Each structure stands twice: as structure tokens, then as C-alpha cells.
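**Q** Just so you know, the sequences run in chain order Z and P.
Residues in the first sequence are numbered from 0 upward in steps of one, following numbering that gives the first Met the number 0.
Residues in the second sequence are numbered from 0 upward in steps of one, following numbering that gives the first Met the number 0.
It is worth saying that the hints were derived from the structure and are not from the lab.
Note that the structure is a prediction, hence the values are computed from the model and not measured.
For each residue, glycine too, the CB sits at the ideal point set by N, CA and C.
There may be inaccurate statements among the hints.
As the list claims (entries may be wrong) - Distance condition first, Cα-Cα at most 30 Å in a straight line; then the derived DSS-like pairs of lysine-lysine:
#: 1; chain 1: P; residue 1: Lys300; chain 2: Z; residue 2: Lys205
#: 2; chain 1: Z; residue 1: Lys534; chain 2: Z; residue 2: Lys583
#: 3; chain 1: P; residue 1: Lys69; chain 2: Z; residue 2: Lys211
#: 4; chain 1: Z; residue 1: Lys84; chain 2: Z; residue 2: Lys73
#: 5; chain 1: P; residue 1: Lys18; chain 2: Z; residue 2: Lys181
#: 6; chain 1: P; residue 1: Lys300; chain 2: P; residue 2: Lys354
#: 7; chain 1: P; residue 1: Lys104; chain 2: Z; residue 2: Lys205
#: 8; chain 1: P; residue 1: Lys104; chain 2: Z; residue 2: Lys211
#: 9; chain 1: P; residue 1: Lys298; chain 2: Z; residue 2: Lys600
#: 10; chain 1: P; residue 1: Lys104; chain 2: Z; residue 2: Lys600
#: 11; chain 1: P; residue 1: Lys142; chain 2: Z; residue 2: Lys211
#: 12; chain 1: Z; residue 1: Lys8; chain 2: Z; residue 2: Lys383
#: 13; chain 1: P; residue 1: Lys104; chain 2: P; residue 2: Lys37
#: 14; chain 1: P; residue 1: Lys32; chain 2: P; residue 2: Lys328
#: 15; chain 1: Z; residue 1: Lys35; chain 2: P; residue 2: Lys13
#: 16; chain 1: P; residue 1: Lys354; chain 2: Z; residue 2: Lys181
#: 17; chain 1: P; residue 1: Lys37; chain 2: Z; residue 2: Lys198
#: 18; chain 1: P; residue 1: Lys69; chain 2: Z; residue 2: Lys181
#: 19; chain 1: P; residue 1: Lys32; chain 2: P; residue 2: Lys13
#: 20; chain 1: P; residue 1: Lys347; chain 2: Z; residue 2: Lys181
#: 21; chain 1: Z; residue 1: Lys109; chain 2: Z; residue 2: Lys497
#: 22; chain 1: P; residue 1: Lys328; chain 2: Z; residue 2: Lys211
#: 23; chain 1: P; residue 1: Lys328; chain 2: Z; residue 2: Lys205
#: 24; chain 1: Z; residue 1: Lys600; chain 2: P; residue 2: Lys347
#: 25; chain 1: Z; residue 1: Lys109; chain 2: Z; residue 2: Lys27
#: 26; chain 1: P; residue 1: Lys32; chain 2: P; residue 2: Lys298
#: 27; chain 1: Z; residue 1: Lys181; chain 2: P; residue 2: Lys298
Stated by the list, open to error - Among chain P residues calculated to face chain Z with C-beta under 10 Å, some are:
#: 28; residue: Val54
#: 29; residue: Ala57
#: 30; residue: Gly61
#: 31; residue: Glu83
#: 32; residue: Val84
#: 33; residue: Thr114
#: 34; residue: Glu138
#: 35; residue: Arg322
Here's the letter readout for the chains.
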Amino acid sequence: MAQDYSHVKTILATDCGSTTTKAILIEKEGEEYRLKVRGEAPTTVEKPAEDVTRGVLNAVGEVEELSGRTLLKKVKVLHSGKGIKGGTDVYLSTSSAGGGLQMMVAGVVKSMTGESAQRAALGAGAIVMDVLASNDGRLGHEKIEAIRRLRPDMILLSGGIDGGTISHVVELAELIGAADPKPRFGSGYDLPVIYAGNKDARGNVKGSLEAKTDLYVVDNIRPVLERENLGPARHEIHNLFMEHVMAQAPGYSKLMEWTDEPIMPTPGAVGEIIQTIASTYGIEAIGVDIGGATTDVFSVFGGVFNRTVSANLGMSYSVSNVVAETGLPNIMRWVPFSVDERAIRDRVRNKMIRPTTIPQTLEDLIVEQAIAREALRLAFEQHKSLAVGLKGIQQQRTISDAFAQTATGGTLVNMMNLDMLVGSGGALSHAPRRAQAGLMLIDGFMPECVTFLAVDSIFMMPQLGVLSKVMPKAATQVFDRDCLVRLGSCVAPVGSGKEGSNCLHIEADFPGLGHISEDVKLGEMRLLPLPVGEKVRAKLDPARGFDLGAGKGDAREVTLEGGVVGVVLDCRGRPFQIPEDETKRVNAITGWLQNLDIYPKVF
Amino acid sequence: MAHAYTPGLKVLGKTIIRKERILPLAGEVLVKKGDTVKAEDIVARTFLPGNVETVNVANSLGLPPEEVPKFMVKQEGDAVEEGEVIAEMKQFFGLYSSRAISPVKGSIETVSSITGQIIVREPPNPVVMDAYVDGKVVEVHGKEGVTVETTGTFIQGIFGIGGETQGEIAVVTDSSERVLADEDITEECAGKIIVGGSLVTAAALKKAIQLGVKGVIVGGFHDWDLKSFLGFDLGVAITGHENLGVTLVITEGFGDMAMAEATFNLLKAREGLQASINGATQIRAGVIRPEIIVPHTEKGKLAAGAGEEGSNLEIGTRVRAIREPFFGKLGEVTSLPVELQILESEAKVRVLGVKFDDGAEEVIPRANVEIIEAG
Numbered sequence: 000m001a002q003d004y005s006h007v008k009t010i011l012a013t014d015c016g017s018t019t020t021k022a023i024l025i026e027k028e029g030e031e032y033r034l035k036v037r038g039e040a041p042t043t044v045e046k047p048a049e050d051v052t053r054g055v056l057n058a059v060g061e062v063e064e065l066s067g068r069t070l071l072k073k074v075k076v077l078h079s080g081k082g083i084k085g086g087t088d089v090y091l092s093t094s095s096a097g098g099g100l101q102m103m104v105a106g107v108v109k110s111m112t113g114e115s116a117q118r119a120a121l122g123a124g125a126i127v128m129d130v131l132a133s134n135d136g137r138l139g140h141e142k143i144e145a146i147r148r149l150r151p152d153m154i155l156l157s158g159g160i161d162g163g164t165i166s167h168v169v170e171l172a173e174l175i176g177a178a179d180p181k182p183r184f185g186s187g188y189d190l191p192v193i194y195a196g197n198k199d200a201r202g203n204v205k206g207s208l209e210a211k212t213d214l215y216v217v218d219n220i221r222p223v224l225e226r227e228n229l230g231p232a233r234h235e236i237h238n239l240f241m242e243h244v245m246a247q248a249p250g251y252s253k254l255m256e257w258t259d260e261p262i263m264p265t266p267g268a269v270g271e272i273i274q275t276i277a278s279t280y281g282i283e284a285i286g287v288d289i290g291g292a293t294t295d296v297f298s299v300f301g302g303v304f305n306r307t308v309s310a311n312l313g314m315s316y317s318v319s320n321v322v323a324e325t326g327l328p329n330i331m332r333w334v335p336f337s338v339d340e341r342a343i344r345d346r347v348r349n350k351m352i353r354p355t356t357i358p359q360t361l362e363d364l365i366v367e368q369a370i371a372r373e374a375l376r377l378a379f380e381q382h383k384s385l386a387v388g389l390k391g392i393q394q395q396r397t398i399s400d401a402f403a404q405t406a407t408g409g410t411l412v413n414m415m416n417l418d419m420l421v422g423s424g425g426a427l428s429h430a431p432r433r434a435q436a437g438l439m440l441i442d443g444f445m446p447e448c449v450t451f452l453a454v455d456s457i458f459m460m461p462q463l464g465v466l467s468k469v470m471p472k473a474a475t476q477v478f479d480r481d482c483l484v485r486l487g488s489c490v491a492p493v494g495s496g497k498e499g500s501n502c503l504h505i506e507a508d509f510p511g512l513g514h515i516s517e518d519v520k521l522g523e524m525r526l527l528p529l530p531v532g533e534k535v536r537a538k539l540d541p542a543r544g545f546d547l548g549a550g551k552g553d554a555r556e557v558t559l560e561g562g563v564v565g566v567v568l569d570c571r572g573r574p575f576q577i578p579e580d581e582t583k584r585v586n587a588i589t590g591w592l593q594n595l596d597i598y599p600k601v602f
Numbered sequence: 000m001a002h003a004y005t006p007g008l009k010v011l012g013k014t015i016i017r018k019e020r021i022l023p024l025a026g027e028v029l030v031k032k033g034d035t036v037k038a039e040d041i042v043a044r045t046f047l048p049g050n051v052e053t054v055n056v057a058n059s060l061g062l063p064p065e066e067v068p069k070f071m072v073k074q075e076g077d078a079v080e081e082g083e084v085i086a087e088m089k090q091f092f093g094l095y096s097s098r099a100i101s102p103v104k105g106s107i108e109t110v111s112s113i114t115g116q117i118i119v120r121e122p123p124n125p126v127v128m129d130a131y132v133d134g135k136v137v138e139v140h141g142k143e144g145v146t147v148e149t150t151g152t153f154i155q156g157i158f159g160i161g162g163e164t165q166g167e168i169a170v171v172t173d174s175s176e177r178v179l180a181d182e183d184i185t186e187e188c189a190g191k192i193i194v195g196g197s198l199v200t201a202a203a204l205k206k207a208i209q210l211g212v213k214g215v216i217v218g219g220f221h222d223w224d225l226k227s228f229l230g231f232d233l234g235v236a237i238t239g240h241e242n243l244g245v246t247l248v249i250t251e252g253f254g255d256m257a258m259a260e261a262t263f264n265l266l267k268a269r270e271g272l273q274a275s276i277n278g279a280t281q282i283r284a285g286v287i288r289p290e291i292i293v294p295h296t297e298k299g300k301l302a303a304g305a306g307e308e309g310s311n312l313e314i315g316t317r318v319r320a321i322r323e324p325f326f327g328k329l330g331e332v333t334s335l336p337v338e339l340q341i342l343e344s345e346a347k348v349r350v351l352g353v354k355f356d357d358g359a360e361e362v363i364p365r366a367n368v369e370i371i372e373a374g
């Protein structure tokens with residue numbers, strides 16, 4: 000039975016990350032929930048402590064000291080109650096310690112049920128290590144070798160619509176059975192396998208897998224070609240994450256007893272809060288969390304939620320992989336000075352082998368933020384390729400569609416419609432100037448038309464995500480008041496034209512600036528200061544060939560919102576192109592950095 | 000931020016080192032508690048299930064899958080040889096026949112009447128675990144392996160390539176600052192673990208492999224050379240499985256970096272002794288650093304255990320800067336201000352005052368130093 004949370008005044012929530020455990024305390028002030036304090040301590044999943052609750056107790060201890068409220072009793076989180084002084088009404092937690100939830104998924108056709116299975120696992124907060132499919136080009140023994148080598152926490156097997164192919168999905172089950180897979184943690188239990196494929200194949204799949212694995216059967220994730228049904232599989236993934244993966248990690252059985260709701264995988268919780276925000280405000284939103292090892296991207300477009308994780312794109316452990324994937328020239332194109340390539344390569348490697356170091360010099364910071372731009376860009380490219388409509392379905396075409404020849408499975412990400420872009424993770428949340436975070440988001444995602452930019456102040460989206468499952472209003476209030484740092488609106492006309500030609504004319508009354516009526520040329524970036532909470536109506540008139548949502552060259556009136564950075568006019572054109580000539584490139588970047596007051600020094 | 004510093008890498012002259020030698024699957028332990036073992040002795044062994052091959056008999060014989068069992072010559076559990084017939088269908092009163100043959104030697108694991116697929120499993124692969132270091136068996140972990148304990152020098156590197164190997168220590172450069180060049184490597188180095196100074200060049204590493212050098216220990220290595228050495232641009236720092244003919248351990252970082260004097264002198268003092276080294280590195284949750292172990296019985300004080308927690312930062316603590324603009328410089332902590340300070344990059348962080356060995360005094364982020372844990 001669901002618990003009643005209507006009388007809750009105090010909420011304690013923790014997020015046990017790979018390196019740090021973060022605790023927040025939320026209290027009700029009048030009718031509103033507000034963040035009171037936060038604390039953090041190193042995560043203690045590994046030796047010598049090997050008990051996650053030690054880190055939790057340390058982080059909560061810091062919260063206790065800062066708030067003056069008793070939250071611990073002996074070595075346990077204290078719940079409030081009759082005759083108890085202090086304590087918390089609710090305690091919730093998320094976790095990505097020990098590498099998070101690592102899964103393999105399988106489907107008959109890679110781009111159809113394989114992709115649906117991938118979306119189901121990613122949406123539940125997993126890292127997808129491999130996608131097996133009947134048509135993935137690998138021979139049977141190669142697939143078996145992959146299953147054995149990767150040792151996932153669990154496998155999601157799908158394939159076939161209900162009433163469709165049986166033999167292909169059973170063949171995959173036979174291969175999984177032949178691999179005799181062993182879970183990553185613990186040797187005393189069988190690997191959980193979730194079957195979410197053709198219901199007519201259930202009996203045969205059971206025959207192949209029941210004796211060798213811990214098999215769970217749920218509804219088909221693709222009952223018909225035209226529809227995905229990811230909920231039951233995601234729900235089962237969450238259950239098994241708790242029962243198997245978490246229960247095997249050191250100290251979790253104790254932590255699970257303390258929490259009032261099941262522990263959620265951290266990325267799954269961030270997905271929850273993004274969905275809650277998108278539905279509460281009726282907006283299209285993208286969230287990104289750039290970490291040391293991975294970068295997660297979340298999006299809600301047209302009510303459809305998608306999450307991807309780029310497992311090897313990050314700013315410390317994975318920093319060398321960003322360089323390897325994008326290439327050094329792509330990173331150096333964002334840097335307004337020239338650096339010896341060999342020296343940069345050594346410098347990046349040194350960051351990888353000593354991941355906790357921070358940039359001391361400005362030059363070092365600029366290079367690191369250039370890498371962050373590329374990590375964001377690559378992670379977003381991956382997201383766009385997976386956040387797509389269903390492939391292989393029948394489409395009704397009109398005569399004009401027939402000329403356009405659009406294929407099924409196009410990306411759902413439409414930057415013209417994006418309302419809000421929220422960034423979090425060290426590189427964005429801890430950038431010395433907020434404008435740096437703003438420009439990294441713009442350069443990484445290239446928003447179009449009018450988009451509001453924000454960052455998560457102290458990375459508390461995971462805790463708010465798990466809270467949103469049980470108290471969505473409280474989660475939204477804290478997200479709005481304490482979590483979001485509003486940077487401001489970004490205006491970016493879509494189109495291209497001649498270098499130096501007009502791109503945009505803006506007319507508006509800005510508090511402090513008075514009436515402005517300005518032309519902005521193609522290739523320019525400008526900043527109009529507008530404080531947090533202020534809004535202005537502006538007439539935006541794009542030049543011929545440029546579109547701001549009303550059609551090429553058509554003017555429109557929009558509301559621009561202020562923030563700690565202000566309103567950014569990005570007239571560099573879309574698709575964005577950086578000048579190839581070295582002098583022109585350096586001049587262009589220097590201009591953008593100066594106009595937006597990004598760094599304290601000009602190079 | 001109570002832990003705003005990087006724990007240092009261990010450089011210990013004499014300490015107790017315990018190494019777990021665990022099989023990937025339970026098997027048989029060949030030694031008992033108290034036994035003295037040499038590095039190359041086998042302490043445990045097991046058999047990993049063999050690889051599998053699939054044969055689609057339905058396709059080979061042109062049959063519907065449900066009829067496959069009727070035409071099987073070999074049944075589940077039967078042993079088969081490579082090329083042996085496993086299913087056969089005779090036609091025209093036996094005049095013609097279609098056959099499916101086994102692609103490998105092994106046994107029939109499953110026959111499926113749903114897919115028409117046969118799975119043949121190869122014989123199990125034997126896996127053995129050696130002791131890795133000269134020492135004594137101090138614990139037996141059921142059927143999974145043992146813990147071997149030894150007393151000796153223990154040095155952690157920062158990054159490595161290649162797995163476990165053993166050999167005699169030979170120092171081939173005259174100082175910790177000299178580059179290890181190809182002319183330093185002679186035929187006498189074959190089978191040994193050679194110690195250089197600040198950097199190993201790609202040419203020197205190539206020559207080391209040609210001459211059969213077991214391991215190379217130096218201060219630094221250029222990333223550019225790493226790429227050409229591996230043949231690809233290493234993305235994620237998980238190493239140890241490379242099979243390039245030599246194990247490389249770098250002690251300081253990427254670039255031309257003098258090996259720390261304490262490390263160089265310690266290795267020089269152990270010249271001629273047998274060492275066990277491992278280049279395996281994992282820079283992720285569950286960090287693994289490369290290691291150099293030189294068992295010895297020399298007299299001397301025992302340093303804190305190799306697996307124990309490091310010490311905290313205090314005034315006078317020896318540290319090494321691990322980020323630009325002072326990368327690699329050594330010095331002593333002179334102050335530990337509580338207040339956050341603003342750096343040139345405008346980051347507001349905890350800092351410390353340091354007096355470098357060349358006399359320069361600087362203020363740098365606590366996160367950008369590591370403690371030199373020598374003992």
C-alpha cells in the first residue's frame with residue numbers, strides 16, 4: 000500500500016555516487032518545501048570500509064551539523080515519531096555506486112526490438128553494454144563470447160511482436176543459455192534475465208533459460224510494430240536492481256531497510272525529475288549531466304521521454320576518450336590560442352591518470368572547457384540517434400510526403416521547439432563563471448530559436464527525482480526555487496548567409512538598458528543583461544534566409560527571460576560553422592568570449 | 000571538502016605485501032597454508048567452460064526445425080570430433096544424403112526443435128594461477144585461490160601497460176633525470192626489468208622488445224608514443240591485458256618527467272634482485288595502479304602496510320605538484336589556510352602553501368598535489 004506523505008515536513012535524501020555521497024535536507028516553510036542544507040562525504044563502497052552506509056552516515060552527519068537537527072541515532076538514520084526529538088519524516092536514496100546498473104539487451108532486429116529494448120533499459124537508468132540482435136552481423140559464438148566477457152548485472156531479452164517470429168527470439172535465448180552467464184557481483188546467484196518479447200515464445204524461452212538463469216517474464220515491449228510498451232520492462236528492471244544488484248553491493252541491504260521507498264538508480268531518478276518538470280510546465284526539455292566517467296542526456300519532446308548514457312564520455316576518467324573520439328583539432332577549434340599538440344595530449348593524459356585535479360591557470364581552464372564542449376556535443380549526437388520514432392512502421396503518406404521521402408525512425412529531438420536546456424555535473428555546475436556554463440551548453444547543443452538555459456546549482460536532481468515519485472509538488476518546488484540557477488534566454492536564428500551580413504534585428508525595452516533597437520550581424524554573439532526573474536517582450540526580426548520559428552525572414556514577438564548571465568543573442572547561424580582560416584577563427588572566438596564576458600583575460 | 004587532495008602513490012622500502020591469487024572460477028588449490036612458494040609456482044588451477052559453436056542443422060539439411068531431432072546422429076551430451084557427422088538425412092532409398100558436421104571437437108550441448116540450431120561446446124580450457132611473488136601462503140580461499148605474503152619493497156606506478164612479469168632489476172641510466180634511449184639497452188638487458196630516468200622513447204621501447212627485456216620502469220612516457228606503441232589511441236584507462244612483449248610502468252606521468260629521487264634510489268638499491276611487476280591500471284571506481292614488488296630480507300624498519308590508508312596533509316608533508324603550471328615539482332607544505340582562495344582560473348578552492356625544492360614558494364590547490372608516501 001502506498002504511504003501517505005501529506006503531513007511530511009522534513010525530507011532527507013541521499014545520492015550515493017561512484018566517488019561522493021551527497022545528502023540534502025528539505026523542510027516545509029509555510030506552504031512551501033525548500034532546501035535547508037546539504038552535506039557530502041566520500042562514498043564507501045570499496046575497501047577499506049566496504050559499506051555504503053558509512054558514507055551515508057558521514058554525509059548525513061554533515062547535514063546534521065549544519066542544520067542543528069538530529070538526524071542520526073547511533074549508526075542509523077533517525078525517523079521522526081512520537082516522543083522522538085528531531086529525525087526525518089521521510090528518507091529516500093538513489094545510487095550509482097560501483098559503476099551503476101550495467102545491462103545487455105537483445106532483440107531480433109537491431110533497429111526495431113533491439114532499439115526498443117535499449118530505450119527500456121536506458122530509461123530505467125542502466126548503462127547498455129551491448130545490444131545483441133539476430134541481424135547484428137556477429138556469429139553465434141561471437142555473441143556468446145560477448146555475453147561471457149561483459150558480465151552484465153542483468154539481461155533484457157525482447158524480440159518479435161505478439162504473434163510474430165518465435166524461432167529468432169528462441170535462438171537468442173538459446174545463445175544466452177549457452178553462454179551460461181555469470182553476474183558481475185556475487186557468485187552465489189543466477190543472472191537475472193527479463194523476457195519481454197513475443198508472448199507466444201514464452202514457453203520456449205522458459206525451456207531454454209529457466210534452468211540456467213533467474214528468468215522473469217513481463218509484457219512484450221513491442222506488442223505491435225506501431226507501439227512501444229516500455230513500462231512493464233522498466234518496472235521489472237527497477238525491482239531487480241533492488242533485489243539483485245543493490246542487495247549484492249556492500250552495505251546496501253542495510254541502506255534498503257532505512258529508506259522509505261525503494262532505492263533508485265541515479266540516472267533513472269534524474270529522468271523522473273526531468274519528466275516531472277516537462278509535464279508540470281508543459282514544455283519540451285533537455286537535461287544533461289556531464290560527469291567524470293559518463294555523460295547522460297535526457298529529453299522530453301512531444302511527451303516522449305528518452306535518456307541516453309554515453310558511457311565513456313566524461314571529464315576525468317574518460318577525458319582521454321573524448322579526445323580519442325572527437326580528435327584534437329575539434330577540441331582546439333574552441334581555444335583562442337595555439338598550443339603544441341603533443342603537449343596538449345600529455346596534459347589530457349595527466350588529467351586522466353589524476354582525475355581529481357583542477358585547472359589552476361586560465362589557459363588550463365579554457366582547454367578543459369573546450370573538451371567539455373566536445374563531450375557534450377558527442378553525447379548529444381548519440382542521444383539524437385537513439386531518441387527516434389519507431390522504425391519499420393507503416394506510414395500514411397500524402398502526395399507531398401512522397402516527394403519529401405522521409406523515412407520512419409527520424410529523431411524526436413527538435414531544437415526549434417526546445418523550451419529549456421538544463422545542465423549539471425562538475426564542468427557546468429562548478430564553472431567559475433556562470434556565463435562559461437551557458438556558453439558550453441550553447442556550443443555543445445546548438446539550441447535554435449529561443450531556449451531558456453539553466454544549470455543545477457549543486458547537483459541535487461537525483462534526490463529530487465526520487466522525491467518526485469512520491470511527492471511531485473515538493474520536488475517541483477525545490478527544483479524551481481533552490482536547484483535551478485537560471486542563466487537566461489538564448490536567441491539563435493537558424494540559417495546561413497554571407498559573412499558580415501545582417502542576421503537579426505531586435506527591438507525591446509530592457510530594464511536598465513531602456514529601449515533597444517539593434518542589428519546583429521552573422522557570426523556575432525551579444526549579451527543583453529536581464530536579471531533573474533525579469534521578463535521582456537521582444538520583437539525578433541530575422542534577416543532573409545534566417546528562421547526564428549515563424550518562417551524564414553518572418554518576425555515574431557517572444558518573451559525573453561532573464562538570469563544570472565542575461566539574454567544571449569547567438570547569431571553564428573545554424574548549422575554552426577567555425578571559420579577555417581586560423582586568424583579569422585581566433586578573432587571570431589575572441590569576439591564571442593569578450594562580448595559574453597566569459598574569461599577575465601583576453602588572449 | 001575534507002579530502003581535497005589525492006592520496007599519494009606508495010614508495011616503500013620495506014613493507015609486508017599480500018597478494019590475492021584468485022581463479023576466475025572455483026577449481027583446485029595446489030598449495031596449503033604455510034607453504035613457501037616461488038613466483039612461478041602454480042598455486043591453483045581450474046577449467047573454464049569451452050567456447051561454443053552453433054550449427055543450424057535445419058538450414059543445412061533443408062528441414063523444418065521440429066524435424067531436426069529425428070535426423071540427429073549425435074544426441075545431447077555426446078562427444079564429437081571436428082568434422083564428424085552430427086545429423087544426416089538420407090534420400091532416394093539411401094542413394095543420396097545431406098549431412099551436418101561439427102565445426103569443432105567437443106560435445107553436443109543442445110538440440111533445438113524450435114530453431115533447428117545445435118550448440119557444440121568445445122572441451123574446457125585449463126587455467127592456472129601462479130604465485131606472482133616469492134613468499135608464503137598465508138590464507139587459502141576455499142577452492143578459489145590463496146593469499147601470498149612477502150616482505151619487500153613496494154612501489155606503485157601511476158600508469159602501466161602489460162601484465163604480470165618477473166625479472167632481475169637492472170638500472171640502466173645514471174640519473175633519475177636522464178632519458179632512457181635505445182643505446183642504453185644492450186643484450187645484457189634480456190630477461191631483466193630495466194629502470195630508466197625521466198622518459199622512455201618509442202625507439203628504446205621497441206629495442207627492449209626486440210632484445211627480450213621483461214619490463215621497463217621510467218618516470219614518463221609521451222602520449223604520442225603510447226599511441227604508436229599500442230597501435231591505437233587509448234580511450235579508457237583500463238590496461239594490463241596487452242600482449243606487446245614487455246610490461247611498462249611509468250611512475251610520474253605523461254611527458255618528460257624525472258623519476259622521483261626516492262623511487263630511483265630505492266630501485267638502485269635493489270639492483271640485482273628478482274622483482275615482480277604488473278602494468279595493469281584501472282582509473283575508475285576501484286582504482287588499480289601498476290606495481291613493483293621486490294621481495295628482500297634486508298634489515299630495516301617496516302613501513303605501513305601497502306594496502307592501508309595514507310596519511311593526511313600537514314605542515315612539512317612532502318608533496319608533489321600534479322598539475323600545470325608546476326607539474327612534477329617536489330616540495331614541502333608550508334601552510335594550510337582554511338579559507339577558500341581564488342585561483343587565476345577564478346575557481347574558488349582550498350589551497351596550500353608549498354616551498355618547492357628549488358626554493359620557490361607558491362600557493363596551489365590542495366587537489367593538485369599528492370603526498371609522497373615514502374618509507
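**Q** Hint by hint, say whether it matches the structure.
**A** For each hint, the structure was consulted:
1. P:Lys300 with Z:Lys205: violated (62 Å)
2. Z:Lys534 with Z:Lys583: Roughly 35 Å between the alpha carbons, so the hint for Z:Lys534 and Z:Lys583 is violated.
3. P:Lys69 with Z:Lys211: Cα-Cα ~26 Å, so holds.
4. Z:Lys84 with Z:Lys73: Distance ~14 Å between Z:Lys84 and Z:Lys73 Cα, so the pair holds.
5. P:Lys18 with Z:Lys181: With a Cα-Cα distance of about 24 Å, the restraint between P:Lys18 and Z:Lys181 holds, given a limit of 30 Å.
6. P:Lys300 with P:Lys354: With a Cα-Cα distance of about 29 Å, the restraint between P:Lys300 and P:Lys354 holds, given a limit of 30 Å.
7. P:Lys104 with Z:Lys205: Holds. P:Lys104 to Z:Lys205 sits at ~29 Å (cutoff 30 Å).
8. P:Lys104 with Z:Lys211: Distance of about 24 Å is within 30 Å: holds.
9. P:Lys298 with Z:Lys600: violated (57 Å)
10. P:Lys104 with Z:Lys600: Violated, at about 70 Å.
11. P:Lys142 with Z:Lys211: holds (22 Å)
12. Z:Lys8 with Z:Lys383: Given that 30 Å is the threshold and the Cα spacing comes to 40 Å, the pair is violated.
13. P:Lys104 with P:Lys37: Measuring from Cα to Cα gives roughly 36 Å; hence the hint is violated.
14. P:Lys32 with P:Lys328: violated (45 Å)
15. Z:Lys35 with P:Lys13: violated (50 Å)
16. P:Lys354 with Z:Lys181: Not satisfied, since the Cα-Cα distance of roughly 53 Å exceeds 30 Å.
17. P:Lys37 with Z:Lys198: violated (58 Å)
18. P:Lys69 with Z:Lys181: violated (33 Å)
19. P:Lys32 with P:Lys13: holds (23 Å)
20. P:Lys347 with Z:Lys181: With Cα atoms ~46 Å apart, P:Lys347 and Z:Lys181 exceed 30 Å; violated.
21. Z:Lys109 with Z:Lys497: Between Z:Lys109 and Z:Lys497 the Cα gap is close to 43 Å, so the pair fails against 30 Å, i.e. violated.
22. P:Lys328 with Z:Lys211: violated (56 Å)
23. P:Lys328 with Z:Lys205: Violated: P:Lys328 and Z:Lys205 sit about 63 Å apart, past 30 Å.
24. Z:Lys600 with P:Lys347: holds (17 Å)
25. Z:Lys109 with Z:Lys27: Given that 30 Å is the threshold and the Cα spacing comes to 49 Å, the pair is violated.
26. P:Lys32 with P:Lys298: holds (25 Å)
27. Z:Lys181 with P:Lys298: Distance of about 47 Å is beyond 30 Å: violated.
28. Val54: holds (9 Å)
29. Ala57: holds (9 Å)
30. Gly61: Cβ of P:Gly61 sits 15 Å from chain Z, so the hint is violated.
31. Glu83: violated (18 Å)
32. Val84: violated (20 Å)
33. Thr114: holds (4 Å)
34. Glu138: violated (16 Å)
35. Arg322: With Cβ-Cβ at 4 Å, under 10 Å, it holds.
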